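Trainee: Each chain, letter by letter, is given below.
Number of protein chains: 2
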Amino acid sequence: MITISERGKNMPSSPIRKLASFADNAKKEGVKVYHLNIGQPDIETPAVMMDAVSNAHLKVLEYTDSAGILSFRKKLAGYYQSKEINVDYSDILITIGGSEGILFAFMACLDAGDEIIVPEPFYANYIGFAMAAGIKIIPITSTIESGFALPPIESFREKITSKTKGIFICNPNNPTGYVYSELELLQIRDLIKEKDLYLFSDEAYTEFCYDGKVKSTLTLEGVEDRVIMIDTFSKKYSACGARIGALVTKNKAVIEAVMKFSQARLSPPTLEQIAAEAALGLPADYFEATRAEYKKRRDTLIGRLSKMEGVYCQSPQGAFYAMAKLPVADTDAFCQWLLTSFRKDNATIMLAPASGFYTTPGLGKNEVRLAYVLNEQDINAAMDCLEAGLKAYPHNIV
Amino acid sequence: MITISERGKNMPSSPIRKLASFADNAKKEGVKVYHLNIGQPDIETPAVMMDAVSNAHLKVLEYTDSAGILSFRKKLAGYYQSKEINVDYSDILITIGGSEGILFAFMACLDAGDEIIVPEPFYANYIGFAMAAGIKIIPITSTIESGFALPPIESFREKITSKTKGIFICNPNNPTGYVYSELELLQIRDLIKEKDLYLFSDEAYTEFCYDGKVKSTLTLEGVEDRVIMIDTFSKKYSACGARIGALVTKNKAVIEAVMKFSQARLSPPTLEQIAAEAALGLPADYFEATRAEYKKRRDTLIGRLSKMEGVYCQSPQGAFYAMAKLPVADTDAFCQWLLTSFRKDNATIMLAPASGFYTTPGLGKNEVRLAYVLNEQDINAAMDCLEAGLKAYPHNIV
Numbered sequence: 001m002i003t004i005s006e007r008g009k010n011m012p013s014s015p016i017r018k019l020a021s022f023a024d025n026a027k028k029e030g031v032k033v034y035h036l037n038i039g040q041p042d043i044e045t046p047a048v049m050m051d052a053v054s055n056a057h058l059k060v061l062e063y064t065d066s067a068g069i070l071s072f073r074k075k076l077a078g079y080y081q082s083k084e085i086n087v088d089y090s091d092i093l094i095t096i097g098g099s100e101g102i103l104f105a106f107m108a109c110l111d112a113g114d115e116i117i118v119p120e121p122f123y124a125n126y127i128g129f130a131m132a133a134g135i136k137i138i139p140i141t142s143t144i145e146s147g148f149a150l151p152p153i154e155s156f157r158e159k160i161t162s163k164t165k166g167i168f169i170c171n172p173n174n175p176t177g178y179v180y181s182e183l184e185l186l187q188i189r190d191l192i193k194e195k196d197l198y199l200f201s202d203e204a205y206t207e208f209c210y211d212g213k214v215k216s217t218l219t220l221e222g223v224e225d226r227v228i229m230i231d232t233f234s235k236k237y238s239a240c241g242a243r244i245g246a247l248v249t250k251n252k253a254v255i256e257a258v259m260k261f262s263q264a265r266l267s268p269p270t271l272e273q274i275a276a277e278a279a280l281g282l283p284a285d286y287f288e289a290t291r292a293e294y295k296k297r298r299d300t301l302i303g304r305l306s307k308m309e310g311v312y313c314q315s316p317q318g319a320f321y322a323m324a325k326l327p328v329a330d331t332d333a334f335c336q337w338l339l340t341s342f343r344k345d346n347a348t349i350m351l352a353p354a355s356g357f358y359t360t361p362g363l364g365k366n367e368v369r370l371a372y373v374l375n376e377q378d379i380n381a382a383m384d385c386l387e388a389g390l391k392a393y394p395h396n397i398v
Numbered sequence: 399m400i401t402i403s404e405r406g407k408n409m410p411s412s413p414i415r416k417l418a419s420f421a422d423n424a425k426k427e428g429v430k431v432y433h434l435n436i437g438q439p440d441i442e443t444p445a446v447m448m449d450a451v452s453n454a455h456l457k458v459l460e461y462t463d464s465a466g467i468l469s470f471r472k473k474l475a476g477y478y479q480s481k482e483i484n485v486d487y488s489d490i491l492i493t494i495g496g497s498e499g500i501l502f503a504f505m506a507c508l509d510a511g512d513e514i515i516v517p518e519p520f521y522a523n524y525i526g527f528a529m530a531a532g533i534k535i536i537p538i539t540s541t542i543e544s545g546f547a548l549p550p551i552e553s554f555r556e557k558i559t560s561k562t563k564g565i566f567i568c569n570p571n572n573p574t575g576y577v578y579s580e581l582e583l584l585q586i587r588d589l590i591k592e593k594d595l596y597l598f599s600d601e602a603y604t605e606f607c608y609d610g611k612v613k614s615t616l617t618l619e620g621v622e623d624r625v626i627m628i629d630t631f632s633k634k635y636s637a638c639g640a641r642i643g644a645l646v647t648k649n650k651a652v653i654e655a656v657m658k659f660s661q662a663r664l665s666p667p668t669l670e671q672i673a674a675e676a677a678l679g680l681p682a683d684y685f686e687a688t689r690a691e692y693k694k695r696r697d698t699l700i701g702r703l704s705k706m707e708g709v710y711c712q713s714p715q716g717a718f719y720a721m722a723k724l725p726v727a728d729t730d731a732f733c734q735w736l737l738t739s740f741r742k743d744n745a746t747i748m749l750a751p752a753s754g755f756y757t758t759p760g761l762g763k764n765e766v767r768l769a770y771v772l773n774e775q776d777i778n779a780a781m782d783c784l785e786a787g788l789k790a791y792p793h794n795i796v
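Just so you know, the protein sequences line up as chains B and A, in that order.
Under this note's numbering, the first sequence has 8 at position 8, and the numbering climbs by one with no breaks.
Under this note's numbering, the second sequence has 795 at position 397, and the numbering climbs by one with no breaks.
Keep in mind that the hints were calculated from the coordinates and are not lab data.
Keep in mind that this is a model prediction, so the values were computed, not measured.
Glycine is no exception: its CB is placed at the ideal position from the N, C-alpha and C atoms.
Be careful, since some hints might not be right.
[Claimed, not checked] Straight-line Cα separation of at most 30 Å, DSS-like style, residue types lysine-lysine; simulated pairs: (1) A:Lys591 with B:Lys9; (2) B:Lys9 with A:Lys534; (3) A:Lys694 with A:Lys650; (4) B:Lys252 with A:Lys416; (5) A:Lys457 with B:Lys32; (6) A:Lys481 with B:Lys59; (7) B:Lys75 with A:Lys457; (8) B:Lys159 with B:Lys252; (9) B:Lys295 with A:Lys457; (10) A:Lys593 with B:Lys9; (11) A:Lys694 with B:Lys252; (12) A:Lys534 with A:Lys457.
[Said to hold, decoys possible] Pairwise CB distance ranges (calculated): (13) A:Pro792 with B:Lys74: 37 to 45 Å; (14) A:Ala682 with B:Lys213: 52 to 60 Å; (15) B:Ser315 with A:Ala682: 20 to 28 Å; (16) B:Asn375 with A:Gly511: 48 to 56 Å; (17) B:Ser21 with A:Glu619: 29 to 37 Å; (18) A:Ile400 with B:Lys74: 48 to 56 Å; (19) B:Glu6 with A:Tyr710: 14 to 22 Å.
[Unchecked claim] Part of the chain A face toward chain B, derived, beta carbon under 8 Å: (20) Gln479; (21) Arg663; (22) Leu664.
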């Protein structure tokens, strides 16, 4: 009997998308579903991006260079330089979303059986890329009570074996919204230097920091050849559907190896590269309005959550996610129940159960991730649903 | 010392793209380079595709469903049904080019160490996907003298071990242009049934068959759950830069497993899905003009090659490639020399050395792949260059 592969069997379903069929059914019944489960913002994509595509007047929709359009890479280098990140276009490869950047980083730096250490909870799709690459993620648990700060660096040191090839962080963090402090980043830097490791850093949300500032791992001194930074246009410019990201590193051997994987898949999508290049022409203050909007949404969300009985949630500093502890024993069941059996004014809320963001069994069972990607009115309506839902939930109240 | 991965080291550079820097240098000197090295047609992309993108007036460039836009999948199912291929939308997942479809097929059906049998020469990027998936390609050599017909089915049988999980064909074939006969396909069908194997089939060029007809592997009876067909919009609609393809199979377990890999990378690019969906609204006779154009180009190319001393080339029935044997000992060196040291009327030709399409060492050293993707005038000018180049080449004339 032909069967699917072991990795195909072991590959987890996306915790962000796995309840989708229940949401679809609710919508078919005419129920309004507030999507706080997925990082799909309602912020308008800058018009210059779509205009650039329309104005390109391409006769033939051709492949681009496998590394991405050269003028685009040069402008992107300029964007990083404006943030005092010392890279040029040759340090940058355009990828199909941040997703492909992560996969290529794993493929180029790690072999099957290698291990990387990742603070959990972490973006669930990392598991998928690890599975595809045949590598093992070793989690170190951060806790909701500490605001998901970096666990003590000694706990990383204890997990390092001969198979450990790197540490992987996401900063600002998805799903926690935590922004690593300079001190924490320096601790990581010293450890990867001492233990001869790579540092993979997913910096998709770097423009979204509401208190203080994000330090890019590319500015860490003395580990320039160890840092592989993954970026994306999805969140920055509310252009998730563009699937345009970048892998950035000063390590030329890694660039060369990633380039070979890039050549195998020929090129990133042409139209969206044109759109993304146009976005880089936006004025420097473009992000201020978006940042202010997300900050307002965050404050609304956290304000509402803090008033709900039995709910625990600290205010996250960055990205557009918050993790909350709910007074239920199993958020997988609760989130499903919200979609199948609960309605408030013919509406309900969709959340991402947190269990999918942990790999240590049993963790996150009473936590959820909330994406504050909707406007304030919708966030308030969604919070009305959550508040009423928690009161109405017949099972497992702790 | 941190190092790149073994797979990163072993990953081959693209034989189609590896001479690119020599071509770039020639262009910088003002030399006209005729690109017969890469399957990038000069045929105009249908205007309806670009128009659909401009007319979509998207406010937010959102993720789509990981499986692809539903209405697009339904129309694509209609396209296959019009060719008497019995599939519906649930048998179809939209992928980021045919490239991703192949990678996902490997990931979902095969584990590291598994083997697939592939007639060589084959599309070089298969090696890259095999490397990424950790699987092994076992080549069976087809020969230029036989027009690259399927090698005797017994030679496949002899290579089957306990690790063999499938056979992989490309039909019409890249790089040879060969179109497998119904008899050959039935031989493969019987073997995969007998030996309990998958049949992976890359059918990117199925619209381009100039003599006779292509039979899709999806129409092979009795092996419906074994066939994984990979399709792409790149060549069909001259939209290589769109990076839109599809994985099609009646095997639901495979669809489910591939769906998990699809979810990990979120979604295919939105704008290009809109463009591709619009292409499916083109009239049924759309391909006739393109097909007639390629046939004319093929006949021009083969006519010219057949008149060159020492050159051997049969007329291919499909795709837009031809393999030719040249009177030189090493086409890698010759193709590089054409770019660096040969000019005719300030022009030269770029070809793909065939060694990269074989995995058996030493094969293809005196062969090249020619893509007849340029207009007749350019093909003639390119053939002028090749003819003069062969006469002028100072080394290794056989």
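Trainee: What's the verdict on Lys75 of chain B and Lys457 of chain A, does the C-alpha distance respect the 30 Å limit or exceed it?
Mentor: holds, 24 Å
Trainee: Between Lys295 of chain B and Lys457 of chain A, does the CA-CA distance stay at or below 30 Å?
Mentor: holds, 22 Å
Trainee: Does the alpha-carbon distance linking Lys694 of chain A and Lys252 of chain B stay inside the 30 Å limit?
Mentor: violated, 45 Å
Trainee: Are the Cα positions of Lys252 of chain B and Lys416 of chain A separated by 30 Å at most?
Mentor: holds, 17 Å
Trainee: Classify the hint on Gln479 of chain A as holds or violated, based on whether any CB of chain B lies nearer than 8 Å to its CB.
Mentor: Where the cut-off is 8 Å and the nearest Cβ of chain B is about 25 Å from Gln479 of chain A, the hint is violated.
Trainee: Are Asn375 of chain B and Gly511 of chain A spaced within 48 to 56 Å by their CB atoms?
Mentor: Hint holds: Cβ distance 51 Å, inside 48 to 56 Å.
Trainee: Given a hint of 20 to 28 Å, does the C-beta separation of Ser315 of chain B and Ala682 of chain A actually sit inside it?
Mentor: violated, 59 Å
Trainee: Take a quick look at whether Lys593 of chain A and Lys9 of chain B sit within 30 Å of each other, Cα to Cα.
Mentor: With a Cα-Cα distance of about 23 Å, the restraint between Lys593 of chain A and Lys9 of chain B holds, given a limit of 30 Å.
Trainee: If I claimed the Cβ atoms of Pro792 of chain A and Lys74 of chain B lie 37 to 45 Å apart, would that claim hold in this structure?
Mentor: Holds, since Pro792 of chain A and Lys74 of chain B (Cβ atoms, about 39 Å apart) stay within the stated range.
Trainee: At a threshold of 8 Å, is the proposed contact between Arg663 of chain A and chain B supported by beta-carbon distances?
Mentor: For Arg663 of chain A, the interface hint holds, since the closest Cβ of chain B sits about 4 Å away, which is under 8 Å.
Trainee: With a cut-off of 30 Å on the C-alpha distance, tell me whether Lys694 of chain A and Lys650 of chain A pass.
Mentor: violated, 42 Å
Trainee: Next item in the hint list is Leu664 of chain A. Is there a CB on chain B closer than 8 Å to its CB?
Mentor: holds, 6 Å
When each numbered hint is compared with the structure, violations occur for hints 3, 11, 12, 15, 18, 19 and 20.
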